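Novice: Here's the letter readout for the chains.
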Amino acid sequence: MSFTSPALHIDRISVVGEEAEFVKMFDPNPVGAAPALPERIDVTALPIFPFSYVPGPPPAINPNPRANPVPEVLEALGFGSPATAHTLNLDLLNGLDIPTWDGRLLPLHFMTIRDKDFGAGGTYPGPTVRVPRGVVFHCDMAGKGPPPHTIHWHGVEPTPINDGVGHCSMELGKTTYQFQPNFMGSYFYHCHRNTMQHFEFGLFGFLIVEPPDAYFSSIASVAGNGRVTLNSTPVGASSDGRFRIAANILTLPADIQAKFATGFVPGDPTYGVAGPGDVGVNDPHAFTVPYDVEAIWVADDRDSTWSDLASDAFQTFPIHGTIPGVNDNFQANAKLPPLPFPQVPFFAFNDFHADYWFITGVPVPAHLGGTAQIPPNITIPAASNSGKSGTQVSVNAQVGQTILLRCLDAAYNNLRITLPVDAVIIAWDGRPLGVPPCGSYNHAFVVPKNTPMTISVARRFDALIKAEAPTPSNTFAKIEFMETRGNTVTATALVPFTII
Amino acid sequence: MEGINRRDFLKYGLGGAAVLVVGSGLPWITENKAHAGIRVQTLNFTITDALKDMATHNTINSAQCYFWIFKEANLPAECPGPHIFATEGDTIELVVTNALDEPHAFFIPGMVNTGPIAPGATVRKFFTAGNGGTYLYFDNLNQPVNRVMGLHGAFIVMPKAPAQGHKFTPYSEPTPLVQKLFDDFGTPGRAPWPSLGSRWFPGLAWEEGDPATNTYPFRTYIWVLHQASPNLFALVGDFTPGQDYPAAQFVQRFLHDPFDSAKPTTNAIPQYFTISGQSGHFSHNSPYFCPNQRVGEPVIIRLLNAGLWSHSMHIHANHQYITYVNGVVMENPIWVDVFTFLPMTVVDYTCPYMRPPSIPNVRGIGRADLGLPAGVSGGRTWPPNEELTTFIPGPAPLGVTPFQVVGNLVDGAGNPLGAQLSPLCYPMHDHSEPSQTAQGGNYNMGLISGINFIGDRNTPGAMNFPNQPLFHGPGPGSPFGVNGVFPAAVPPPWFSK
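Going down the list, the protein sequences come from chains A and B. When the letters of the first sequence are read in order and numbered with my numbering, they come out as residues 1 to 500. When the letters of the second sequence are read in order and numbered with my numbering, they come out as residues 501 to 997.
Treat the hints as calculated values from the structure; they're not laboratory data. It is possible that some hints are incorrect.
[What the hints assert, rightly or not] In silico EDC-like links for lysine to aspartate or glutamate, alpha-carbon gap of 20 Å or less: (1) A:Lys-449 - A:Asp-422; (2) A:Lys-116 - A:Asp-91; (3) A:Lys-335 - B:Asp-760; (4) B:Lys-763 - A:Asp-312; (5) A:Lys-174 - A:Asp-97; (6) B:Lys-680 - A:Asp-278; (7) B:Lys-625 - B:Asp-590; (8) A:Lys-449 - A:Glu-480; (9) A:Lys-144 - A:Asp-97; (10) B:Lys-660 - B:Glu-588; (11) B:Lys-763 - A:Asp-278; (12) A:Lys-259 - A:Glu-468.
Just so you know, these numbers come straight off a predicted model, no measurement behind them.
Pulled out of the complex, with its shape left as it was, chain A reads as follows (with noise of 0.2 Å):
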């Protein structure tokens, strides 16, 4: 018994009656006419309007459905003017090339989302959409370069041609999704093609579910010509004028839950933000707790060898054969790396080999296996923060404040989190712990100071965090990127985290 006189074969499953799925799953060949789209609302049609909080359940919360409000808000802010009302218009695979911080020969080469109406992005990683929960979200978006780049978004749920997964559900180079994003949180969108590649390169960005009103609320009025006027309600802010994430506090200890009761809002213990009965939709502020900073870590790894070497978006596309599954061409686009590389054929997807790091694209000035910290103060721009100003990456807080941390692995390595102060973990993956009905299987908990947690590739979290003293000086919160192979540390980033 050995390699060479083995006991046994195993053969590979015939195609035969389904070379069509077969073919589709690694060289999809769109015919036919550009489809219509299914089940299209139009948005331009819906409304959107101000909106004040009227305390007190039931309120009747605005009318369904609405339209997006952010594309008018960002126009009223000066940011540009939207090509479709109520629709985010986005293109795919912008070239960057990034020095390194170290100064390398060669920079590092990114592909970019932008936003073409409102200018953000081309930048990595691409804006931060946020939409308020239960709106109709639309999404132009046109791909660039080789067969159609999708953008799936991550974790909402939506029928499949507006799952933007190519390859497999929709091959739609431009296209409009549309979604009702549906349960307040954290989420993120990258393009879905090529995918070990693509996202890799930089083809992604956040993605928040905001509360009910906001953005409506910070509308004063709306013109015929569809121009919002903007009140003094901050942009993203809710009805009240506080900025407000989905959390059930009431499954929380009585000493934790006394630290984020102020503001906070239940709602139906049965139903959630249902109202009572399952009827009607309860207080927009209903499993919501006010905050006072926010901060979104996106924690992100780099290859320099891929970039290097595998910067053609073809890379490594197999082509079928004139019998599927007989001769199906799988060494195909194997592409030369630029010189003056070796001209080796490049195949090597599989083999990921972190060595720069990102958090929320500010690089870690660290080599492999280093330690370093980036610069304190970073915040994120409201133009590419679609409008809403002051989030943080390195966190600096007051004592008193309410500190909501929205955190991302987009690395292809897990991440170890250290946070120098208690937290509690209100939310995974867009989905708010203990809210009513789907969330009453679970509930909030705690993470004590200096306590490890790990997570991998794709997974968020939001945790709530009171600023109750502050903090020595040189306070950081640890991102450590894991190896998904061997699990060795690659590099250690420290955030600030400040209260004062």
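Given the structure of chain A, go ahead and fit chain B onto it with the hints provided.
Specialist: Frame of chain A; chain B shown alone:
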């Protein structure tokens, strides 16, 4: 108990989805044809080896990998070994023969350990199936070499009965919140559970089937995750007979062999990433691997990472409740779209099979409300009739255009071989994306399966969506997709025997 006959099983039961049922015939088994694999009283294995043609293997591209395997007496050779179902408390007879050149073993933590079996020797043991749950069986010698070489599989223990007044869970001792979740699955107020069920998870209970729709009870899928290195496994296979390959060297090469950009590569890291032995199309477009259910038909997906890489398993279309991790029923089952699988991690995803909640509807709070008026046909966003019909090749409604992919392929008679653009199919994949490859590239030929919606129990008139013959059982003669007609449901092939 009506088992599948052996001839039919060999005909359809290829592809790593082989199921073995051992022990007593309690209700979960006798009423559950979906699990009616070959029924045995004894687990009878030979530890041997095999050369396997992987997903990208064909006449112009060699893609083979050598494995050590648990060859069951009744079943075709496959890596991993068969999915084994047993019932809590059963006494199980185990007979293992070692046909390889070095000592091997069969091990289930806390249940059975044969200890080293010498080359050529046979060991017979009896053991008792433990608590209801998901377990990995494997060879625990020369760890992790023997396990990673292919000597592993899934061992599922079902509880004998639910707690009094409650519905079945997959566990003997469910926590209160896990019990509540399973009690809430199903339309409320129906016999025999007038006080159980919920308005937000209407449909069937997990333990409940529906013969009228070919829906079987205790709907279960098993995804054994593995990484295969053809270069390293060949070295191990040809190592000095009778000697163990050095484990530290194996791990070092499997995880950290120097980078090599070329193909075929000489390095020893994995090149194939499999779910229960299959990749790409073979694990995605297969009813053995990919759940094919209706809204309102909850399922359990049991995932076991037998390899040495960690994975991050992301399912589209529904968030999953994490009900079980490494032998522990969760006190706090979080609801996620992706979860962490370090080596040897075993996790149960409990999938409510709710209507994908981001489809626009009246209230916009994630419930299965009436869809919004939409499209050119005067319908609503749910059921998505335009999406289902527009994109099947064929006559289209007024105003919409037929569209298909892979339209330049023809069959032997010159007829186009089109694939529907958008059946209600979604992927499930590892988000740690280097595993989405085969032989270093070829995106989508790696660690991927899916989740499909074939109807909606809760929307009148939408029990069965129109669909095209997407799925075939492996091999000719499969009952799937014949005559271009998609069956009313996607039962396992032995169901309609």
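Novice: Determine which of the earlier numbered hints do not hold for this structure and return their numbers in increasing order.
Specialist: 5 and 11
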